[in-house]
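Number of protein chains: 2
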Amino acid sequence: MSKVTTIIDIGSNSMRMVVLQKSSRFAFNLINETKSRVKISEGCYENNGNLQEIPMQRAYESLKSFLNISNALKSRKIICVATSALRDAPNSNVFISKVKKDLGLNIKVIDGEKEAYYGGVAASNLLHDDTFVTVDIGGGSTEFSFVKNGKIEKSISLNIGTVRIKELYFNKNNTEGAKNYILDNLKKIFELDIEIPKKVVGIGGSIRALSKIVMAKKEYPLDILHGFTYDARAEISFFDRISRAKDNDDLKSFGVKKDRFDTIKEGAFIFKTILEELKINEVVTSGVGVREGVYLTDLLRNSNHKFPENFNVSVRSLLDRFQIDEKQSAYLGNNAKKIFDALKPLHNLDNKYRGLLVIASKLHSIGSTLNFYKSNDNAFDFILNGLNYDFLHTSRVVVAYTIKFSKKSLPTKSDILDYEELLPSLRVMQWMSFMISLNFAVNQDFSRPKVEYFLDDETLEISLPNRSFLIESNIDKLETPEDLTIKIL
Amino acid sequence: MSKVTTIIDIGSNSMRMVVLQKSSRFAFNLINETKSRVKISEGCYENNGNLQEIPMQRAYESLKSFLNISNALKSRKIICVATSALRDAPNSNVFISKVKKDLGLNIKVIDGEKEAYYGGVAASNLLHDDTFVTVDIGGGSTEFSFVKNGKIEKSISLNIGTVRIKELYFNKNNTEGAKNYILDNLKKIFELDIEIPKKVVGIGGSIRALSKIVMAKKEYPLDILHGFTYDARAEISFFDRISRAKDNDDLKSFGVKKDRFDTIKEGAFIFKTILEELKINEVVTSGVGVREGVYLTDLLRNSNHKFPENFNVSVRSLLDRFQIDEKQSAYLGNNAKKIFDALKPLHNLDNKYRGLLVIASKLHSIGSTLNFYKSNDNAFDFILNGLNYDFLHTSRVVVAYTIKFSKKSLPTKSDILDYEELLPSLRVMQWMSFMISLNFAVNQDFSRPKVEYFLDDETLEISLPNRSFLIESNIDKLETPEDLTIKIL
Chain A
5 MSKVTTIIDI GSNSMRMVVL QKSSRFAFNL INETKSRVKI SEGCYENNGN LQEIPMQRAY
65 ESLKSFLNIS NALKSRKIIC VATSALRDAP NSNVFISKVK KDLGLNIKVI DGEKEAYYGG
125 VAASNLLHDD TFVTVDIGGG STEFSFVKNG KIEKSISLNI GTVRIKELYF NKNNTEGAKN
185 YILDNLKKIF ELDIEIPKKV VGIGGSIRAL SKIVMAKKEY PLDILHGFTY DARAEISFFD
245 RISRAKDNDD LKSFGVKKDR FDTIKEGAFI FKTILEELKI NEVVTSGVGV REGVYLTDLL
305 RNSNHKFPEN FNVSVRSLLD RFQIDEKQSA YLGNNAKKIF DALKPLHNLD NKYRGLLVIA
365 SKLHSIGSTL NFYKSNDNAF DFILNGLNYD FLHTSRVVVA YTIKFSKKSL PTKSDILDYE
425 ELLPSLRVMQ WMSFMISLNF AVNQDFSRPK VEYFLDDETL EISLPNRSFL IESNIDKLET
485 PEDLTIKIL
Chain B
5 MSKVTTIIDI GSNSMRMVVL QKSSRFAFNL INETKSRVKI SEGCYENNGN LQEIPMQRAY
65 ESLKSFLNIS NALKSRKIIC VATSALRDAP NSNVFISKVK KDLGLNIKVI DGEKEAYYGG
125 VAASNLLHDD TFVTVDIGGG STEFSFVKNG KIEKSISLNI GTVRIKELYF NKNNTEGAKN
185 YILDNLKKIF ELDIEIPKKV VGIGGSIRAL SKIVMAKKEY PLDILHGFTY DARAEISFFD
245 RISRAKDNDD LKSFGVKKDR FDTIKEGAFI FKTILEELKI NEVVTSGVGV REGVYLTDLL
305 RNSNHKFPEN FNVSVRSLLD RFQIDEKQSA YLGNNAKKIF DALKPLHNLD NKYRGLLVIA
365 SKLHSIGSTL NFYKSNDNAF DFILNGLNYD FLHTSRVVVA YTIKFSKKSL PTKSDILDYE
425 ELLPSLRVMQ WMSFMISLNF AVNQDFSRPK VEYFLDDETL EISLPNRSFL IESNIDKLET
485 PEDLTIKIL
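Protein chains in written order, with my numbering: chain A, 5 to 493; chain B, 5 to 493.
Hints in this document: simulated from the structure, not taken from any laboratory.
Worth double-checking, as some hints may not be accurate.
One copy or two, either will do: identical chains are not told apart, so a pair holds if it fits within one copy or between any two.
Simulated pairs of lysine-lysine, PhoX-like, Cα-Cα distance not exceeding 25 Å [as the list claims (entries may be wrong)]:
hint	residue 1	residue 2
1	LYS221	LYS250
2	LYS26	LYS331
3	LYS202	LYS78
4	LYS176	LYS261
5	LYS417	LYS261
6	LYS203	LYS348
7	LYS283	LYS417
8	LYS26	LYS216
9	LYS411	LYS39
10	LYS417	LYS183
11	LYS158	LYS105
12	LYS262	LYS481
13	LYS155	LYS261
14	LYS191	LYS348
15	LYS356	LYS262
16	LYS170	LYS102
17	LYS417	LYS262
18	LYS310	LYS105
None of the values given here were measured: they were computed from a predicted structure.
Whole structure, please, built from the sequences with the hints as guidance.
The structure is reproduced here in structure tokens:
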């Protein structure tokens, strides 16, 4: 697969491009994302679904700009897919041929099931959960992909969409009709004879806009949408109120942004109805969708469209990109496990923290790559944003803080205030802080010593093959949690 | 010169190492900094100045650890210098020979004038100012280097030092004697027959500690020591009070940190006396000193120990390290100038902002290299810390904010609150925000178009060779400052 790959997705409202760069076999990162609201479907409905001249011209120009960007970034592979906008237009071939002829680009029109499947591939690889149904509400259709234990069981596309509902029902003040139309369509899901999960992964602009509003309402501490999770049952009546907003001022008061005024009522109505009908408990917001699914389907074509077990793309990509010494990083990961295990009788932390301590230890030196001075502070926001895929928000915050707290003194209550609701207790963070700091202290001379740790009551005995004034004085300076004392052997 | 170079500096109190990595001919960045308080001179004074066994052993062990780190970082060149600790000890050769024999390391004992000179080289290349005297207060001596218009005119070392003053006078409560001793030594400066600048660049632990205290007292918004500047006359009486502190609680109440308790009174006393006697107006804090001077003297050995004109090591190093497309960066720099110049009749900004707009435009894409999502936010702290050398704090903040504000909407009062005292007016920042945003909007397709700008009254006419829906709609979305309107030709 090419090192740099471009994925373009032509929707009825927006055209979007992502440019992704591979850093190793399965790891990649985003290097460009461009969106253009070309509204290629504008005027279609009044013209038997036919694409109109001016919207086609806009889309053509933006595609040309997209290709410029793609070339400037040395992308060698471009995959361009189009969904309902082109699959429903009788004259789509006019546009497709012109693009093929003038720009040399093949547009692949994909069917609804495929579109749903791509959403499932993206969500199952790039989100932490493994059993859920993706819901991707678009202008003309909504895609569902049922994922169980990480495996996609079924994908389906229904003719429910914000623009469709708006034109057919909302513009005529017929919400009852809208409801019946949606219920009627949803029957196809129940006919699938499949177990419906209690968790929705929400994809697409409408659902993301709703998540943003919920986030703001809850004063959620982390400004990251991908992975943001909320209780569906607690928000259904809120979504209902949005769907019944009288005017734009009303929408504004709910926290809706201007560029979402046109279809948010329909989006909220459709989503609310789906959540109710499918008896969903929890919504996980996805920042990834069709484009990432297309990319992953290509990248993982020889492995059933799934990353290998225990592979984390964010961690791998950060390690790849930030010139981290592989041997040091592996050593620190292993040593973290030893320290965690030796101290387990005292700290009694859940084993998930062992994994997070290992990740924090491996990623710690990114801070120095970025900027040696204040490296831990600089690393904080960076790690918080860099662990973008396949991490719970709570895990991200723990890893970022553990790195920030790798210093002599233990964190205090005021140090964790900003993200308190996402963090475990101060006690847990103090242990994490101590363990990562000890990890670096024993290896401060980068000699990767074979250290052994023994716990004797509340004394940690450290057998240190690289004893020296530098190492010992740094271990001496470490503040220890609770009643722990350290003895160097 | 080697790609990775290690500089070790053996002082009477601490041994310090920096490992620096070259990224291009004159650009470099710090990849490791390690300090060990080995106190090699401990017990010297009671033993005719002879180095004692245990302190030598500590220093030896730490040197060994330093060399481990240096090797792990693939450093190919090590320069180790020692100052007063070894030059004053009759038996220094015992230590030097053992290190040479067992560790293969040559310790170069440098005289006081050379030590002062290295401070001058560091300050004149890595600070914004060009006429000043460096003052580096150590345990046994204080070094002065007189720099005029960027040229080192004279370097001198005096036998004034915190430990010396403490043992000879402060321990005997004889401040009058201390004062006379210092005045007597300072005569050598007046005998130099040199014009004494009004500005001190303060080097070394004691002066840095004093700067930190002043910073905290003033609630200075930026947590960066290097380049922090204050009015000397306003702090002299404060330093006097520190020098007369009765006990550690007293020191603590002034904001002194525990590890500085032992010599801060003497440090404050010496510095205060120097500031008074030399009639200094302003103090600029330096985070760099002998080690960086040693490095630069080697790096710049063929150019009179000075960077070329208009070379900025921080900007170059960031451009080198963060995979920035050189052509794009050069284009954006040039285009920034065109935009600034075309709009000059309206914004009337000082030309220094032209330079800062160019730097911000060139460095902007670092944000994307770091993390595509929230790239401008991530870049902010990073740029603030990354422009570590040769920048006024006010300039750093302007560049970092200009990058952060490269978006559709103009900043408001609340956006600049945190660093208000270091920033120009909101009006200036709104113009900077608009100009950088326009710069990126015209090149959003990365085609580096040859754009021309004409100002007609309050309308900016843009002749755009790469007109397209994407570019035009993005320019349309830009919020403009004051009454400016935009017309695309």
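Each hint, compared with the structure:
no.: 1; hint: LYS221 - LYS250; verdict: within (20 Å within a copy, 54 Å between copies)
no.: 2; hint: LYS26 - LYS331; verdict: both (22 Å within a copy, 23 Å between copies)
no.: 3; hint: LYS202 - LYS78; verdict: neither (43 Å within a copy, 54 Å between copies)
no.: 4; hint: LYS176 - LYS261; verdict: within (24 Å within a copy, 72 Å between copies)
no.: 5; hint: LYS417 - LYS261; verdict: between (36 Å within a copy, 21 Å between copies)
no.: 6; hint: LYS203 - LYS348; verdict: neither (34 Å within a copy, 56 Å between copies)
no.: 7; hint: LYS283 - LYS417; verdict: neither (39 Å within a copy, 46 Å between copies)
no.: 8; hint: LYS26 - LYS216; verdict: neither (30 Å within a copy, 44 Å between copies)
no.: 9; hint: LYS411 - LYS39; verdict: between (42 Å within a copy, 15 Å between copies)
no.: 10; hint: LYS417 - LYS183; verdict: neither (49 Å within a copy, 46 Å between copies)
no.: 11; hint: LYS158 - LYS105; verdict: neither (36 Å within a copy, 73 Å between copies)
no.: 12; hint: LYS262 - LYS481; verdict: between (54 Å within a copy, 13 Å between copies)
no.: 13; hint: LYS155 - LYS261; verdict: neither (36 Å within a copy, 57 Å between copies)
no.: 14; hint: LYS191 - LYS348; verdict: neither (52 Å within a copy, 64 Å between copies)
no.: 15; hint: LYS356 - LYS262; verdict: neither (41 Å within a copy, 37 Å between copies)
no.: 16; hint: LYS170 - LYS102; verdict: neither (31 Å within a copy, 85 Å between copies)
no.: 17; hint: LYS417 - LYS262; verdict: between (39 Å within a copy, 22 Å between copies)
no.: 18; hint: LYS310 - LYS105; verdict: neither (35 Å within a copy, 57 Å between copies)
Consistency note: the structure conflicts with the earlier hints numbered 3, 6, 7, 8, 10, 11, 13, 14, 15, 16 and 18.
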